[in-house]
Amino acid sequence: MQALYAQLLVGLINGSFYALLSLGLAVIFGMLNIINFAHGALYMMGAFVAYFLLNNDYLSIGYWPALIIAPIVVGIFGMILERTMLQWLTGLDHLYGLLLTFGIALIVQGVFQNYFGSSGLPYSIPDQLRGGMNLGFMFLPIYRAWVVIFSLVVCLATWFLIEKTRLGAYLRAATENPTLVRAFGINVPRMITLTYGLGVGLAALAGVLSAPINQVRPLMGADLIIVVFAVVVIGGMGSIMGSIITGFALGVIEGLTKYFYPEASNTVVFVLMVLVLLVKPTGLTGRAA
Amino acid sequence: MTALTDDTLPMTPRAMRDEMIVFVAMALLLASVPFTGIYPFFVMQALCFALLACAFNLLIGYGGLLSFGHAMFLGTAGYCSAHALKVWGLPPELGILVGVAGAFVLSIITGYISIRRQGIYFSMITLALSQLLYFIYLQAPFTHGEDGIQGIPQGHMFGVFDLTKPTVLYYVVLVGFLAGFLLIYRIINSPFGEVLKSIRENEQRAISLGYRTDQYKFLAFVLSGTVAGFAGSLKVFVAQNASLTDVHWSMSGEVVLMTLVGGLGTIFGPVVGAFAIIAMQQYLAGFGQWVTVIQGSIFVICVLTFRRGVVGEIAHYFRRSL
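Chains as they are written, first to last, in full-length UniProt numbering: chain A, 1 to 289; chain B, 1 to 322.
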């Protein structure tokens, strides 16, 4: 039973990464109409920025400030990408957005591979979150519990921001009809840039969170992003809450598979995707495309 | 939503004549390779990828469907052919047939699933399906996991052509490529191809005209996947192995890059693009990981500045269809 709970916890952690990443994808897709293929690379950048901040002799900035600084740094990088490149694709077939961001992902990953090789770099767990608790039925490492709870809070905060605040209302309105929103005197292009920054920041945050668990390495996002795409197809990206719930749920299902039938643990999300598509082509929470 | 390729010219006798002239020139050029000093292995490899890119282009250039998992057909056909040749000991022509049949069955299954969603969802589904297959092939015993199927006997094609001789192998691969190319050319210029183009331009209009667009897209997917599988089977004879790299999603990305560089929706674009990318990998191999960065940069440059690709730009300049 110990092993089952351990796998459930791993599933929840992976689920929080899926949720954070697919949430960012959903936000970006809503505003820019682009599937951000560079999302995995930007998640990796988040982890690397945290690693730099800690290991630079002059800075040696630890985990807690990195949790804020890394998403901001990567977010700014994302906003520069949006202003210099993605912006020019407005009105074109959205496949071009996918191809452009795929190219960006190749460049970013290639550069990091050149400087750091493909092997992983260690990032230690911050002192305050070391150790674990004995819950009686299982041993709970504190850092892992922290990751799950913190990302859940961030997800819900993002949901609140978009669904319940005035800023979110502008955002949703601009998604529906940018011309009309612009007529009300709202700077839509700036909003798009900020939205891209927000989505990218969420990816980078996931990167920082994962740094102490999974080692920091250039391709850490490359394979993860395909699973996240499958999560997005299953969830349908119809709603923000849908992305969050689907992300966590699929992480848990993956964890359970790892316990009961380990051979299928790599493929279970894809198999689920096929099954969902056969029954409901629009995805679980999706609206008709 | 603007179309992917904006300047399709009507199929006039002049366009047909242009394309025939270029095709004959290409065939002659390729046929003369063994008499030049060019390394035939390189050209054979490029031909296999060119056929794969042409098959992929049938889907995106004429159907508007960006499949991001076309490597799965290449790899699946490769594994099927390799297994049939090595374990079952079938002759080459039947080995190819087994591979093509494998890709055919796979494209029916994956097409049935993926055609249900459009646009980027379609791309993501094909990508996820190919990753699913990657993990299956990683664990399945007959593929030998990381090692792949190696040391495949080349044998005698139809009992006559000795494929162990490089020149004979070259011409067999060339004939295979030209046959596949002509098949795709024929599909594009058939009534079926015209309907496909109309779906690319405006699917809603095609539906309102009474076409069952899903069936057309499905058939295009199966045709494309099967021809891509044929390329994979041919590749087995060139490389003499079938490995996981052919199924990995980065291979699908390379196919997209080849087609994009050459020109989406142009007939000769994918061939030019495939040769350009394979040559680049060959000659830039010394740069190590920088090749990935260069490839990424080409992606970015193509999408931002010349979306028509090499052949597309030339055709646009001369107002011809190529």
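Don't read these hints as lab results, they were simulated from the structure. Small disclaimer: the values here were computed from a predicted structure and weren't measured. Think of the CB as a built atom: it goes at the ideal place given N, C-alpha and C, for glycine as much as any other residue. Misleading hints may appear alongside valid ones.
For each label pair, taking beta carbons as the anchor points, the in silico distance ranges come out as [stated by the list, open to error]:
| # | chain 1 | residue 1 | chain 2 | residue 2 | range |
| --- | --- | --- | --- | --- | --- |
| 1 | B | Asp214 | A | Tyr5 | 26 to 34 Å |
| 2 | B | Asn189 | A | Gly91 | 53 to 61 Å |
| 3 | A | Thr84 | B | Glu194 | 51 to 59 Å |
| 4 | A | Ile213 | B | Ile136 | 25 to 33 Å |
| 5 | A | Gln2 | B | Ile207 | 53 to 61 Å |
Derived lysine to aspartate or glutamate pairs resembling DMTMM-like cross-links, with alpha carbons at most 25 Å apart [unchecked claim]:
| # | chain 1 | residue 1 | chain 2 | residue 2 |
| --- | --- | --- | --- | --- |
| 6 | A | Lys280 | B | Asp214 |
| 7 | B | Lys86 | B | Asp18 |
| 8 | B | Lys197 | B | Asp214 |
| 9 | A | Lys280 | B | Glu203 |
Results for each hint:
no.: 1; hint: B/Asp214 to A/Tyr5: 26 to 34 Å; result: violated (45 Å)
no.: 2; hint: B/Asn189 to A/Gly91: 53 to 61 Å; result: violated (30 Å)
no.: 3; hint: A/Thr84 to B/Glu194: 51 to 59 Å; result: violated (40 Å)
no.: 4; hint: A/Ile213 to B/Ile136: 25 to 33 Å; result: holds (27 Å)
no.: 5; hint: A/Gln2 to B/Ile207: 53 to 61 Å; result: holds (56 Å)
no.: 6; hint: A/Lys280 to B/Asp214; result: holds (16 Å)
no.: 7; hint: B/Lys86 to B/Asp18; result: violated (43 Å)
no.: 8; hint: B/Lys197 to B/Asp214; result: holds (13 Å)
no.: 9; hint: A/Lys280 to B/Glu203; result: holds (21 Å)
When the structure is compared with the earlier hints, violations turn up for hints 1, 2, 3, 7 and for no others.
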